[in-house]
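Model the placement of chain B on the given structure of chain A, informed by the hints.
The lines below spell out each chain.
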Amino acid sequence: MEKVKQKDLILYSGLIILGLAAPYLFSAFKVQLTYLCVLIVLAMTWNLQGGEMGYNTFGNILFYGLGMYLTASVQVGMFFPLAEWTESGGEKTFVHTTAQYFQGIGVGLLVSAIVPAIIAGAIGYAILGLRGHYFAICTLGLGIAAGEIAGGIEIIGAGQGFTTPPFPAEIVDTEARGKFFYFLSFALLVGTFIFVKYIYGSRFRLILNAIRDNEDKAEAMGIQTMKYKIVGWMCSAFFCGLAGGIMGGLIGYIDSTDVAFDGREMGVFMVLMAILGGKGTLWGPVIGATLFHFFKEGLWTLILGWQYVALGVLIVVIVVYFPEGLMGWLREKYPERFGEVIDEKDRKAQVELK
Amino acid sequence: MNKIAKLFVTFISAITLALVSFTSSFAKVEGEYIVLGSAISLTGKYSSNGVHTQNGYNMAVERINKMGGVEVQGKKYKFEIIYYDDESNPKRAAQLAERLIKQDGVHYMLGPYSSGLTKAIAPVTEKYKIPMVEANGASRSLFTKGYKYLFAVLSPANQYLEVAIDLAVEKNGGKGVKIAQAFEQDAFSQDVRLGILDAAKRTGSEIIIDDKLPKELNDMAATLAKVKAVKPDVLVVSGHTKGALTAIRQISEMKVDVPMLAMTHCDAAKLSKQHGKKSEFALCASQWHKNLSYKDKFFGSGKKYAKDFQKEFGYDPPYQSAESSAALLVFKDAFERANSFDRDAVRDALVDTEMQTFYGNIKFGPGGQNVAKPMILFQVRCKGDDCENRVVAPTKWASDKFYHPIPKWSERS
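Heads up: the sequence lines are chains A and B, in that order. Sequence positions in the first sequence follow the numbering used here and run 6 to 359. Sequence positions in the second sequence follow the numbering used here and run 50 to 462.
Source of the hints: derived by calculation from the structure; they are not laboratory data. Please note that a few of the clues may not be correct.
[What the hints assert, rightly or not] With a cut-off of at most 30 Å between alpha-carbon atoms, the simulated BS3-like pairs for lysine-lysine come out as follows:
| id | chain 1 | residue 1 | chain 2 | residue 2 |
| --- | --- | --- | --- | --- |
| 1 | B | Lys450 | B | Lys327 |
| 2 | B | Lys197 | A | Lys97 |
| 3 | B | Lys412 | A | Lys97 |
| 4 | A | Lys301 | B | Lys125 |
| 5 | A | Lys301 | B | Lys250 |
| 6 | B | Lys277 | B | Lys356 |
| 7 | B | Lys178 | A | Lys184 |
| 8 | A | Lys97 | B | Lys178 |
| 9 | B | Lys220 | A | Lys301 |
| 10 | B | Lys124 | B | Lys178 |
| 11 | B | Lys327 | A | Lys97 |
| 12 | B | Lys220 | B | Lys77 |
| 13 | B | Lys224 | A | Lys97 |
| 14 | A | Lys184 | B | Lys450 |
| 15 | B | Lys450 | B | Lys224 |
| 16 | B | Lys220 | B | Lys277 |
| 17 | A | Lys184 | B | Lys176 |
| 18 | A | Lys184 | B | Lys277 |
| 19 | B | Lys220 | A | Lys97 |
| 20 | B | Lys291 | B | Lys115 |
| 21 | A | Lys301 | B | Lys176 |
[What the hints assert, rightly or not] Simulated DEER-style distance windows between Cβ atoms:
| id | chain 1 | residue 1 | chain 2 | residue 2 | range |
| --- | --- | --- | --- | --- | --- |
| 22 | B | Glu385 | A | Ile119 | 48 to 58 Å |
| 23 | A | Lys97 | B | Lys322 | 38 to 48 Å |
| 24 | B | Glu255 | A | Trp311 | 46 to 56 Å |
Here the structure is a predicted model, which means the values were calculated and not measured. Glycine residues also receive a C-beta, built at the ideal position from the N, C-alpha and C atoms.
For reference, chain A alone in the conformation it holds in the complex (with noise of 0.2 Å):
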């Protein structure tokens, strides 16, 4: 067991070692690296319910929006009017000192953690009681309805958008903002993970697994599962919201169903990512998140206007190919390694069969 542990300390400073260094060895593609650290955030948290509580949600994407639009108000809001900031032009008249950019952006990251947590739940509490697709269709509305709603408030731009505040002119270095937003996402990232991996190991993953295998016989063994559910929600809805404020402040103009409640392209990369690395595993979503990433980089430029017809028959290819994903092919392969004890007798006598 020790010696286990070892390797894995290894394993984990080396990746750490790696995300720290990364924007300086591959300083070109800050921003890329950035969107994959936000990408796996998001996989992970999406596994959270869909991989280990069983619920399909296509809602996670409203406090990824949320977080957005929230991290950018209170930046905005705290120092100068917002409604006059949004109306146009206000960027102009409005700046924001150093000091205030990051205060802004710190106290902004803080809200858009705490607030997409209260909201789930409390959405949570009304439609966890909902299974199946019910749920998943559910939720789907959630984001489309946060899109359009958003689209009509003045005070965030409506269908103008909203351009964050830009990244304070004092600093002189170009490659300061990228940094910025790179170590800030990279840090979220290792924050997730760590969270995630804490899970895990605690009966509460436990408790999760049971509602998705089989939630009545759960509820009869007398665990209380809507609380359960609503918290483990809460926890996909703090992160969300965290890379949501991150990616606005990084992408630097919101708007409401392209970049913020973007459920066409983010709200459904997020469980692409992690069924194709696999559900229900640590480092399923990472892997996927990873994989998927590197896909529509380096390829989707080469097949211009076709990419989306990749996409889908990369789906296809998923689905039928590793229905359980990259971790779930890989465990059946080698169980082994994933330390499933095998009878070597009875798995013969198996092949035999077939």
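Using the frame of chain A, we list chain B on its own:
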């Protein structure tokens, strides 16, 4: 678990290797080529206009290269454009702009299609001090932010339909009119709306319906039902290509009678071809029309441009293509006047731009918008089944008289 770890380490190192070998970037000027970058909507909701834009860019690149290219410090250079598909998504567009600049080493940018995407890209080009000449972002809010590296060859969006309101008031004997309006929820259309609000205030007109339409606009029956009930003097609709098509389709289906119908994007939607007689009398705002009398030495006149474009791509050029072609002419002019590839020199040359192209006069205001060119209005008119767009305002170029009011559906054959 340790084998998994090994697997993972192998995986990571493979990625690292791949990335390192990837980092060889291009230069802004390669050999005899000046490399421009652009993120264009080839897929998604703006795909048809994205293609119009790309065709416009390509046509101009080909023409300029064929006619000797760009002369800088005595050497001839040719234009080349790196395209990416932004999927009509601002988030993707911003990311691709970053990629064009940081990874492909592009030092000069051409704009994307639509105001929303331009809004997403402008902060990036501004940050890296990359001059961007854009031809398809008309939202007024683009020009109030104090951007220094953004240059638009078009008139701002709020001017699109203001003239139409003035026309309606004029036809009403100078009295204010009742306006019904429906706009898509996006940066451009919302700006057109602001323009209408200003015009309404100025002329003492009243806005009796003010609807917002969703993106991916396929249905506006609810708005039209209200229009039928309250009978406004003018109906204003703006929602890019889909908005124009949806409006005409449903107005004709529901037989909505309104004395004046003002829209945007009629020519991009090929309205007169797609809907024929149903689209007759629609009044459309346009940045350009082939009958205007502007000239340059690359494309000749607007008519000549339209003919060449038709030959190359098989359809009549909408203004989106024309303004995109004009963007390249502006860049060429700026490079030659700057006589240098220094970004700031090129930027300063762009500021001083004052030229005529087949598309119109171009001179940039302090915000970066083109202040030398008026908007025009045309009306769809039909002879038999053959419909075309005829310029009705401003009077300098009008080939036809403005037909008002639109006859009722019961009286139309």
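We went through each hint and held it up to the structure:
1. Taking the CA atoms of lysine 450(B) and lysine 327(B), the gap is near 20 Å; set against the 30 Å cutoff, the hint holds.
2. At most 30 Å may separate the alpha-carbon atoms for a hinted pair to count; lysine 197(B) and lysine 97(A) meet this at roughly 12 Å.
3. About 23 Å separates the Cα atoms of lysine 412(B) and lysine 97(A), which keeps this hinted pair within 30 Å; it holds.
4. A threshold of 30 Å between alpha carbons decides the hint, and for lysine 301(A) with lysine 125(B) the separation of about 37 Å lies outside it, so the pair is violated.
5. A hinted pair counts as satisfied when its Cα atoms are at most 30 Å apart, and lysine 301(A) with lysine 250(B) does not qualify at roughly 49 Å.
6. Distance hint between lysine 277(B) and lysine 356(B) is unfulfilled; the C-alpha atoms sit about 41 Å from each other, more than 30 Å.
7. Between the alpha carbons of lysine 178(B) and lysine 184(A) the distance comes to roughly 18 Å, so the proposed pair stays at or under 30 Å and holds.
8. Proximity of lysine 97(A) to lysine 178(B) is assessed by CA-CA distance (about 17 Å); at most 30 Å being required, the pair is judged to hold.
9. Between lysine 220(B) and lysine 301(A), the direct Cα distance comes to roughly 55 Å. Violation of the 30 Å bound is thereby established for this hinted pair.
10. Note on lysine 124(B) and lysine 178(B): the hinted pairing holds, with a Cα-Cα distance of about 25 Å set against a maximum of 30 Å.
11. With a C-alpha separation of about 45 Å, the suggested pair lysine 327(B) and lysine 97(A) falls outside the 30 Å cut-off, and the hint is violated.
12. Pair hint lysine 220(B) plus lysine 77(B) does not hold up; C-alpha atoms about 54 Å apart against a cutoff of 30 Å.
13. Using a Cα cut-off of 30 Å, the hinted pair lysine 224(B) and lysine 97(A) is violated, with the two alpha carbons roughly 38 Å apart.
14. Straight-line distance between C-alpha atoms of lysine 184(A) and lysine 450(B) comes to about 60 Å, which puts the hinted pair past the 30 Å bound.
15. Restraint check for lysine 450(B) and lysine 224(B): the C-alpha separation of about 21 Å stays at or below 30 Å, so the hint holds.
16. In summary, the hint linking lysine 220(B) to lysine 277(B) is supported, as the alpha carbons are separated by about 21 Å, within the 30 Å threshold.
17. Distance restraint check for lysine 184(A) and lysine 176(B): the Cα-Cα separation of roughly 14 Å lies within the 30 Å cut-off, and the hinted pair is therefore satisfied.
18. About 56 Å separates the Cα atoms of lysine 184(A) and lysine 277(B), which puts this hinted pair outside 30 Å; it is violated.
19. Straight-line distance between C-alpha atoms of lysine 220(B) and lysine 97(A) comes to about 40 Å, which puts the hinted pair past the 30 Å bound.
20. Pair hint lysine 291(B) plus lysine 115(B) does not hold up; C-alpha atoms about 36 Å apart against a cutoff of 30 Å.
21. Pair hint lysine 301(A) plus lysine 176(B) holds up; C-alpha atoms about 25 Å apart against a cutoff of 30 Å.
22. Hint check: glutamate 385(B) to isoleucine 119(A), Cβ distance near 57 Å, so the stated range 48 to 58 Å holds.
23. Between lysine 97(A) and lysine 322(B) the CB atoms are about 42 Å apart, so this pair conforms to the stated range of 38 to 48 Å.
24. The hinted window of 46 to 56 Å between glutamate 255(B) and tryptophan 311(A) holds, with their beta carbons roughly 50 Å apart.
In this structure, the hints that do not hold are numbers 4, 5, 6, 9, 11, 12, 13, 14, 18, 19, 20, in rising order.
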